[in-house]
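Chemist: What follows is each chain in one-letter form.
Number of protein chains: 2
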Amino acid sequence: MTSAPSRTVRIGVLGGGTVAAPVVGLLRERAADLAVQAGARLEVVAVAVADVAKQRPDAVPGALVTGDATAVVADPTVDVVVELIGGVDVAGPLVRAALEAGKPVVTANKALLASPEGARLRSLARSRGVDLLYEAAVAGAIPLVRALRQSLTGERIVRVMGIVNGTTNYLLTKMDEGDEPYEAVLAEAQRLGLAERDPTADVAGYDAAAKAAILAGVAFGYDVSVDQVHCEGITSIEQPDVAFARRSGHVIKLLAVVERLGVGSVSVRVHPTLVSRHHPLAGVRDAFNAVFVEGEAAGELMLYGQGAGGLPTASAVVGDVIDAARNLLSGTTAPTPERSPVHLEPLEGLRSRYYVRLDVEDRPGVLGAVATAFGHHGVSISSMEQETPERLADEEGAAGRDAAGMARLLFVTHEATTGDVVATLDDLGGVPGVVRVANAVRILPWGRG
Amino acid sequence: MTSAPSRTVRIGVLGGGTVAAPVVGLLRERAADLAVQAGARLEVVAVAVADVAKQRPDAVPGALVTGDATAVVADPTVDVVVELIGGVDVAGPLVRAALEAGKPVVTANKALLASPEGARLRSLARSRGVDLLYEAAVAGAIPLVRALRQSLTGERIVRVMGIVNGTTNYLLTKMDEGDEPYEAVLAEAQRLGLAERDPTADVAGYDAAAKAAILAGVAFGYDVSVDQVHCEGITSIEQPDVAFARRSGHVIKLLAVVERLGVGSVSVRVHPTLVSRHHPLAGVRDAFNAVFVEGEAAGELMLYGQGAGGLPTASAVVGDVIDAARNLLSGTTAPTPERSPVHLEPLEGLRSRYYVRLDVEDRPGVLGAVATAFGHHGVSISSMEQETPERLADEEGAAGRDAAGMARLLFVTHEATTGDVVATLDDLGGVPGVVRVANAVRILPWGRG
Numbered sequence: 001m002t003s004a005p006s007r008t009v010r011i012g013v014l015g016g017g018t019v020a021a022p023v024v025g026l027l028r029e030r031a032a033d034l035a036v037q038a039g040a041r042l043e044v045v046a047v048a049v050a051d052v053a054k055q056r057p058d059a060v061p062g063a064l065v066t067g068d069a070t071a072v073v074a075d076p077t078v079d080v081v082v083e084l085i086g087g088v089d090v091a092g093p094l095v096r097a098a099l100e101a102g103k104p105v106v107t108a109n110k111a112l113l114a115s116p117e118g119a120r121l122r123s124l125a126r127s128r129g130v131d132l133l134y135e136a137a138v139a140g141a142i143p144l145v146r147a148l149r150q151s152l153t154g155e156r157i158v159r160v161m162g163i164v165n166g167t168t169n170y171l172l173t174k175m176d177e178g179d180e181p182y183e184a185v186l187a188e189a190q191r192l193g194l195a196e197r198d199p200t201a202d203v204a205g206y207d208a209a210a211k212a213a214i215l216a217g218v219a220f221g222y223d224v225s226v227d228q229v230h231c232e233g234i235t236s237i238e239q240p241d242v243a244f245a246r247r248s249g250h251v252i253k254l255l256a257v258v259e260r261l262g263v264g265s266v267s268v269r270v271h272p273t274l275v276s277r278h279h280p281l282a283g284v285r286d287a288f289n290a291v292f293v294e295g296e297a298a299g300e301l302m303l304y305g306q307g308a309g310g311l312p313t314a315s316a317v318v319g320d321v322i323d324a325a326r327n328l329l330s331g332t333t334a335p336t337p338e339r340s341p342v343h344l345e346p347l348e349g350l351r352s353r354y355y356v357r358l359d360v361e362d363r364p365g366v367l368g369a370v371a372t373a374f375g376h377h378g379v380s381i382s383s384m385e386q387e388t389p390e391r392l393a394d395e396e397g398a399a400g401r402d403a404a405g406m407a408r409l410l411f412v413t414h415e416a417t418t419g420d421v422v423a424t425l426d427d428l429g430g431v432p433g434v435v436r437v438a439n440a441v442r443i444l445p446w447g448r449g
Numbered sequence: 450m451t452s453a454p455s456r457t458v459r460i461g462v463l464g465g466g467t468v469a470a471p472v473v474g475l476l477r478e479r480a481a482d483l484a485v486q487a488g489a490r491l492e493v494v495a496v497a498v499a500d501v502a503k504q505r506p507d508a509v510p511g512a513l514v515t516g517d518a519t520a521v522v523a524d525p526t527v528d529v530v531v532e533l534i535g536g537v538d539v540a541g542p543l544v545r546a547a548l549e550a551g552k553p554v555v556t557a558n559k560a561l562l563a564s565p566e567g568a569r570l571r572s573l574a575r576s577r578g579v580d581l582l583y584e585a586a587v588a589g590a591i592p593l594v595r596a597l598r599q600s601l602t603g604e605r606i607v608r609v610m611g612i613v614n615g616t617t618n619y620l621l622t623k624m625d626e627g628d629e630p631y632e633a634v635l636a637e638a639q640r641l642g643l644a645e646r647d648p649t650a651d652v653a654g655y656d657a658a659a660k661a662a663i664l665a666g667v668a669f670g671y672d673v674s675v676d677q678v679h680c681e682g683i684t685s686i687e688q689p690d691v692a693f694a695r696r697s698g699h700v701i702k703l704l705a706v707v708e709r710l711g712v713g714s715v716s717v718r719v720h721p722t723l724v725s726r727h728h729p730l731a732g733v734r735d736a737f738n739a740v741f742v743e744g745e746a747a748g749e750l751m752l753y754g755q756g757a758g759g760l761p762t763a764s765a766v767v768g769d770v771i772d773a774a775r776n777l778l779s780g781t782t783a784p785t786p787e788r789s790p791v792h793l794e795p796l797e798g799l800r801s802r803y804y805v806r807l808d809v810e811d812r813p814g815v816l817g818a819v820a821t822a823f824g825h826h827g828v829s830i831s832s833m834e835q836e837t838p839e840r841l842a843d844e845e846g847a848a849g850r851d852a853a854g855m856a857r858l859l860f861v862t863h864e865a866t867t868g869d870v871v872a873t874l875d876d877l878g879g880v881p882g883v884v885r886v887a888n889a890v891r892i893l894p895w896g897r898g
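Each protein sequence line maps, in turn, to chains A and B.
Everything in the first sequence is counted per the working numbering, starting at 1 for the first residue and increasing by one.
Everything in the second sequence is counted per the working numbering, starting at 450 for the first residue and increasing by one.
Same shape as in the complex, but just chain A:
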């Protein structure tokens, strides 16, 4: 029915890792279908890798492999550059060279995009009228960047909240499902390859912070770099927190939040959050990602899917390659509104309800002193539960019995500023009888049942 297109767009792939191989595979195996979509034959002409001697999957023909990424970018027969190296130092100059040569770049490199150099590269691409596309950099296969850049282009977005790190969502899901402690589920995730041997980038929230920075740009048109993002990870979350969340109708999620607070003023942050089980984000389980978008006219939207993995990520990269090819042939680019300067609102003034957990000595007077500390900073208590030694021993066996003479206090506050809550927690650490300020987690407001 459809005649083969006469034109060819030549693709240079930089990187030979877990995403590059399925990208090359999809571009070659699905060539006929993709040619119809792109309006041109998409031909992979080179795959630049760090180690040419290394064994490659069959999807990557040896004849295409080269060790010279700079030459691939400079090659005048390469029309589109796909950067899958990752990181800033090596990938940055290559992306810059491609854009300066007027070549569209498709990348999945969140570190680069969330760096100060990322902002400069976006600006360069815009001024040169060249595509810099990065659907795969946030939430993998989920068509989020295009939705925000194009579908919701007429929409005034109020807030974007994402579960954008699959590893931490897997860990939190397993803690919620199985009553197992953090260390046990982390070990299991490492065994399954769902967490790195050094899980810091995931569990400390750094990966999510880079994605939050990119989301701020895509949703609001602000250049934010990862080091400007307030970041709390999940390492403080323990089984008592998960259990409290469950019995109060919540689930704990690590959220990347980008929120418009006023003209040119946004809050960009990553932190664990108690989310109502009726909220659509609560149903996002295991290693899945989702991004919840609130628009003034569109209302609530959520996009859900696989946030990582070679093939899903490759799917997003190939979608961008098709776009880049189409735009190249028609002499246009994807919409890239000019970026504006931004004021990042400090966290101190943000208001939220909080869940607070304290370990205290089980003796008279402690609760009163604790309540006084809350009151001193104007943080009003909405509810309190005390778990006594007996109950801890019943629930937690040996661990509970070790805690003889201790009690656990679980508070939910009314809405208060982060500044006041942080000051309260600081004071609580010095209240006689308070053994440990174990945790303080924000509670997401949610109007519906």
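Note that these hints are calculated values from the structure, not bench results.
Incorrect hints may appear among the rest.
[Unchecked claim] Selected chain B positions facing chain A (in silico; Cβ < 7 Å):
| id | residue |
| --- | --- |
| 1 | 592 |
| 2 | 596 |
| 3 | 641 |
| 4 | 645 |
| 5 | 729 |
| 6 | 732 |
| 7 | 747 |
| 8 | 748 |
| 9 | 750 |
| 10 | 751 |
| 11 | 752 |
| 12 | 753 |
| 13 | 759 |
| 14 | 781 |
[As the list claims (entries may be wrong)] If we take Cβ atoms under 8 Å as the criterion, some of the chain B residues that face chain A in the derived model are:
| id | residue |
| --- | --- |
| 15 | 475 |
| 16 | 477 |
| 17 | 478 |
| 18 | 480 |
| 19 | 590 |
| 20 | 604 |
| 21 | 744 |
| 22 | 754 |
| 23 | 760 |
| 24 | 761 |
| 25 | 785 |
[Claimed, not checked] Derived DEER-like restraints, expressed as beta-carbon distance ranges:
| id | chain 1 | residue 1 | chain 2 | residue 2 | range |
| --- | --- | --- | --- | --- | --- |
| 26 | B | 607 | A | 123 | 38 to 44 Å |
| 27 | A | 17 | B | 646 | 58 to 64 Å |
| 28 | A | 351 | B | 711 | 52 to 58 Å |
| 29 | A | 128 | B | 478 | 30 to 36 Å |
| 30 | A | 129 | B | 713 | 26 to 32 Å |
| 31 | B | 696 | A | 183 | 32 to 38 Å |
Please read these numbers as outputs of a predicted model, since none were measured by experiment.
For glycine and all other residues, C-beta sits at the position ideal for the given N, C-alpha and C.
With chain A held as given, fit chain B onto it using these hints.
Modeler: Leaving out everything else, chain B in the frame of chain A:
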């Protein structure tokens, strides 16, 4: 920071209803922002309505209102036509005239798009190189059409399953939450304006069927019209079905399903379905819509949001208007792969597990005869529950006591073809002691948890 664009794109709006007013309102109130996005000032120059005398919201200035839609389409100063009249007879010729005049058309008209004329209009738009955009026609504010048309353009889509009718999803949610019978929740929905006085188009599945037809085109590139869609509504769903779903870990949803079965062969259908509570579609409550997409490379994706309502739908329309304006200025169109001929697979051969509910006389021998009927057609029973008169009376009070001498049989079958299940149900109607074949509902396979 951003200079005002010098060009103007003139918009003619057809229709003065619940979507037209917020469309005009957004285009006028947000003119400055939208001009940046579109690269041109978007000016509404006319709003054609059926009754010019009728009072309009303030968003629609009286000076723009006209009764002559044909003149708006023909007006050489109108660059883009936004069709929000709905239906086929009036809207169809207007959309045709606009496309023939080379004017991009943005429409939310699912009836037109799912009609045979819709296929001809898409073909006309493609051959003329003019945009025909309809993001708002399926799932309201959810950026689904663009995701399928653009983001997933490189993706081989296997299946699309949507909750695309807010009214029925609201009814099923309330039945699940509140133990109330269908009639009561329908009456309440009508009181709240969430169901029409004559709810047939929604509850019989016709609205969802039109959207399924459009999805078949967007996801697979096949022209399917609404009368080719197999359609079962929710009117047979009663409280015992909802209760069984709940205690078996499911929730009943009305799904529009578009599934690739082979080259050029798809199944397009609408029917109630038992969905595992762990499936992301199960968490889509109230009047919300969601579409679950399975791609070969991308894996599972879901897009969730408001499927109806003036403002959310208007948001999608305005997104399309911006696209149309951008494309018009750059001389391109949105990607519209050529449509292919399709073989619609008859339902008979499709395999599924089924839930079946029978009302029978509570006497020996009936169960045996029923089981024999299943066996006769090779439909294997996976589980059976019998609810006796005592239990019915306990559970259902007066209604249960009226059923003295009756029992309820609830079966779950192993996977069987629709043809065999339908033949079994036909036979069961004639089995002595079977009072009523009350329901038979497909069960969605779901591998996880």
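Chemist: Which earlier hints turn out false for this structure, listed by number in ascending order?
Modeler: 3, 4, 13, 16, 17, 18, 25 and 30
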